[in-house]
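With chain A held as given, fit chain B onto it using these hints.
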Amino acid sequence: MSEVLRVEKPGLFTTLQDLGRLSAMSAGVPTGGAMDRFAHRAANLLAGNDEGAATLECTLNGPTLVALRACLVAITGADFDPQVNGEAAPMWTGVFLSEGDQVGFAGRRWGARAYVAVAGGIAGNRWLGSLSTNLLAERGGMHGRPLAAGDVIIASGVPAGPTIAGRQLGPDDRPSYAVHTLPAIAGPHVRSLDSKSRKALFGSGFRVSRDADRMGYRLEGPTLDVTGDELLSFGLVAGAVQVPRSGQPILLMADHGTAGGYPVVATVASAAMPLAAQLLPGDELSFSEVSVEGALRLRATQRAALDSLKS
Amino acid sequence: MPAPRSTTRVRTYALGDAALLAELGTRLDTALNTRAIALAAALKKRRDVRQAIAGYASVTVHFDPDLVTHDALAAAIKRLASKRPPMAEPGRLHRIPVVYDGPDMEAVAAVLGLDAAKIVELHTRPIYRVFLVGFVPGWGYLGPLPEELELPRRQVPRTKVPAGSVAIAGRQTGIYPLATPGGWHLIGRTSVKLFLPDSDPPCLFRAGDRVKFFAIPG
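Chains as they are written, first to last, in this note's numbering: chain A, 314 to 624; chain B, -11 to 206.
Treat the hints loosely; a few may be bogus.
What the hints assert, rightly or not - To spell it out: a stretch of chain A is covered by chain B in this simulated footprint if at least three of its residues, at any positions, have a beta carbon under 8 Å from a beta carbon of chain B; those stretches are:
1) 336 to 347
2) 499 to 506
3) 519 to 529
What the hints assert, rightly or not - Chain B side only, calculated, beta carbon under 8 Å to chain A, not exhaustive:
4) T14
5) Y88
6) M93
7) F123
8) Y129
9) P145
10) L166
11) P169
12) T178
Keep in mind that the hints were calculated from the coordinates and are not lab data.
Even for Gly, the Cβ is constructed at its ideal location relative to N, Cα and C.
Next comes chain A alone, as it looks inside the complex (with noise of 0.2 Å):
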């Protein structure tokens, strides 16, 4: 354990992500974790920690942030245009700061959500099993709080692999987050559509509302209409897609309720939620329908880029 970062800014809503507590999900208490977890294992990796350490997930900006001591971090996701002392520090490399070197945002190019790992991996509140901030709990993370000024961000132990730095991922092994076509895989209930909904599911493109959050994101579009009776109440996942009464469909986020009623026409393929977590309000998406096959295959490339930072 040892102090590495002063918090000078906390950035907009910055917190303590992981890769969530599925275990929780019986209690009701939603998996959380990164919502971005390509960018979130990449930093990791970059730093040299196990995949699973706690980041900072930045949301829209990024915090201001003194190195109390030597120490390397790495910066990934949405591109807020990173910088080390006022100068422009590369994204998807390990770098190197001293005591007293300044890590700051000059401002958003594009994203919704930047991630900062630290060799050794980011100390914090376990809570269920996951260092995950809940806020709805008030628990995990930073007391169960996004980051404010004055906190310190401590390492919470040796790192865990080679802390070289200036590794890099170049941009070929990160996800095409300019891409706003997300694969998704036929939902259970898709037949609850009629063929003009679903064509319009699969065919037309629609909005993130203003109503977009870590829970999840309304989606304004055309409207799918649904027949049948209301469902029993089952267990939901994230990235699957839900069409409520009004027919404005909801995609599901890390933070989502573990189980609902309304029918899940169609899942977003694991390999394209990071591409779903750097959507903003006003960004337009659509959905491509792929097999669970295509879906493990584009999973299984992320895997594979993601390895060649192990080696």
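Quick look at chain B alone, frame taken from chain A:
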């Protein structure tokens, strides 16, 4: 004597590339729910299953696609579900005191054509089953509610329902564990805490438990 062959047919559906939904039926039925809870418990023991959540009559299975294919897991689920279900053990009984002074009591009474005393009598009569825990932390879907109390959800959901509110909708009843939005009819309140963030599991109810309400003066 050979065990009777089960006639339960399980349908499995992809829920993305790392989860599937196994549907045992589509009716609100205690026997189906018992089977779902037993199936979830059996699935949780598998190394390739990361989580299994029982719904009313279904199980949502999160699996590791590096360890098992969707088809192989679906076949395993069908085998497990065709086994004779274990004897249903009675779940723990929770006794919940309720002050029946909810803000919707008058409206509910008017719609149902019953007086408040009758609503209290009907609501406190059954021992309810916790069909599943989910939606928000600690929420239990309880039922079945007596038919006389059945009514659709509110037209306009409330943006904030106080924690501890006792509510009804359809053939279900429940208690809001936290201040959250909600569309059910509020008929009472309880001081019993349902979400216990510093316990593990962090909730009072577990699927299969039983719940009895008691009227107390406000």
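Cross-check of the supplied hints:
no.	hint	result
1	336 to 347	holds (count 8)
2	499 to 506	holds (count 3)
3	519 to 529	violated (count 0)
4	T14	holds, 7 Å
5	Y88	violated, 25 Å
6	M93	violated, 25 Å
7	F123	holds, 5 Å
8	Y129	holds, 6 Å
9	P145	violated, 11 Å
10	L166	holds, 6 Å
11	P169	violated, 11 Å
12	T178	violated, 17 Å
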